[in-house]
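Student: Sequence:
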Amino acid sequence: MLLPLASLEPDASKSTHDRRFEVFTNGTLSIVEVSIQDSGQYLCVAANRHGSARLLVTFITMKPAKIDQKQYFKKLVPYGKDFKVDCKASGSPAPEISWSLPDGTTINNVMQADDSGRRSRRYVLFDNGTLYLNKVGITEEGDYTCYAQNTLGRDEMKIHITVITTAPQIKHSYKTYVKVKAGDTALLDCEVVGEPKPKIFWLLPSSDMISFSTDRYLLHVNGSLSVSQVKLLDAGEYMCVARNPGGDDTKLYKLDVVSKPPIINGLYTNKTIMKVTAVRHSKKQIECRAEGTPPPQIMWIMPDNIFLTFLTGSNGALTIYDTARDDAGKYRCAARNKVGYIEKLIILEVGQKPRILIHPKGPVKGISGESLSLHCLSEGSPKPNTAWTVPSGYVLDRPQINRKYVLLENGNYVCKAHNSAGDSSVSVPVLIVAYPPRITNRFINVTLWLLI
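Start counting the sequence shown at 1; every next residue gets the next number (this note's numbering).
Every clue listed holds true.
Label-pair restraints from in silico Cβ distances:
#1 Thr105 to Ser35: 31 to 41 Å
#2 Asp215 to Lys158: 49 to 59 Å
#3 Thr106 to Asp82: 17 to 27 Å
#4 Val258 to Ser173: 20 to 30 Å
#5 His160 to Leu218: 39 to 49 Å
Restricting the straight-line Cα-Cα distance to at most 30 Å, the calculated cross-link-like pairs of lysine-lysine (DSSO-like) are:
#6 Lys175 to Lys199
#7 Lys175 to Lys338
#8 Lys254 to Lys197
#9 Lys338 to Lys181
#10 Lys74 to Lys88
#11 Lys284 to Lys353
#12 Lys70 to Lys88
#13 Lys197 to Lys171
#14 Lys199 to Lys75
#15 Lys330 to Lys283
#16 Lys63 to Lys88
#17 Lys181 to Lys231
#18 Lys81 to Lys135
#19 Lys199 to Lys84
#20 Lys181 to Lys260
#21 Lys260 to Lys231
#22 Lys251 to Lys171
Hints in this document: simulated from the structure, not taken from any laboratory. In this text, a Cβ means the ideal position worked out from N, Cα and C, and glycines have one as well.
Full structure from sequences and hints, please.
Tutor: Right under this line is the structure:
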């Protein structure tokens, strides 16, 4: 039997001229130092005089994964900027590229989104192995490892990213001494620049720390602090502190609170007693003008202990309409602010205007040389004072009984009754009659009676 004569050839020239190829007697083909170029189809032919047989063999050359231009390097990236790094690899079969991140997670072409949900697609991995970082932050700082892997092996490349930050800097164009009135709002400006955006908090005179808005403290977006309804206790030193990974910056402010205790009607003395009179059936207004810093609140305490409160800034006057006797009594006007308290006592008397009870029906005649009495009887509340005014203009302003005055002329004699509720008067015409002949160089005696 003749053995078949075998030949294996993808390319006839290789089988006959390339020393890397060798065909053994059993038909096996040996290839020394296989390369990618050796991949292809090989045809095995066995023949004798009775015929031939053929076998087609496909030969694939495999190569372990390898990262091209691999090197370990460090990269400085400004905060908030984008960054990309290449990781090109070769191998057969084609290697799969993945990246290990500083937080320990691994991403590949399937896993490209940020699992934390804080920011979408922080990382993007392209098909060629390039890793793209979107707006680099502090958390992106650290070691990154690129892996290229196929069935024959794995290769890796490491890089280190350092994020460059800008230390906080507080603008110093704002004033550091602020003076406000008690009860007003104080604004302390603290505008800061830095990358990443610095966190701002305030240290108060009480040593408390404010990092967010509260009832009276408003922390603005730019870092400024507003203090509403300022009190004396709010005075002191405030410190603005700005901090980011790049460092700290501070600025010291001094807040001065201006305040004055309340005064009423220009008087500082507490519990000053004032007497006022109102006329019955009339309107009476009692002033309670209060001043102070902050503006005080005014309150009236009525005789029956009823409290009336007035809004801050009003003149605080108490008005009584159609005054009656029952309105008489003690009224207390009080003013209070954050600094102090003051009170005034007002005694209200409801009076009646004086009324003269005697009115002459005509001229009063007197005989020269004889006595003449003019009466002026009055009533009122409080008790009125009376006075006579003689034709010459001279005033007798004290009540006199059985007191004689010498009258030298005829004319109108006016009696006036006065009290805190008002006054009233009556005019009495006097006519002196003389009898001639007689000596006329004598004085006439006339008695003015002031009857109370």
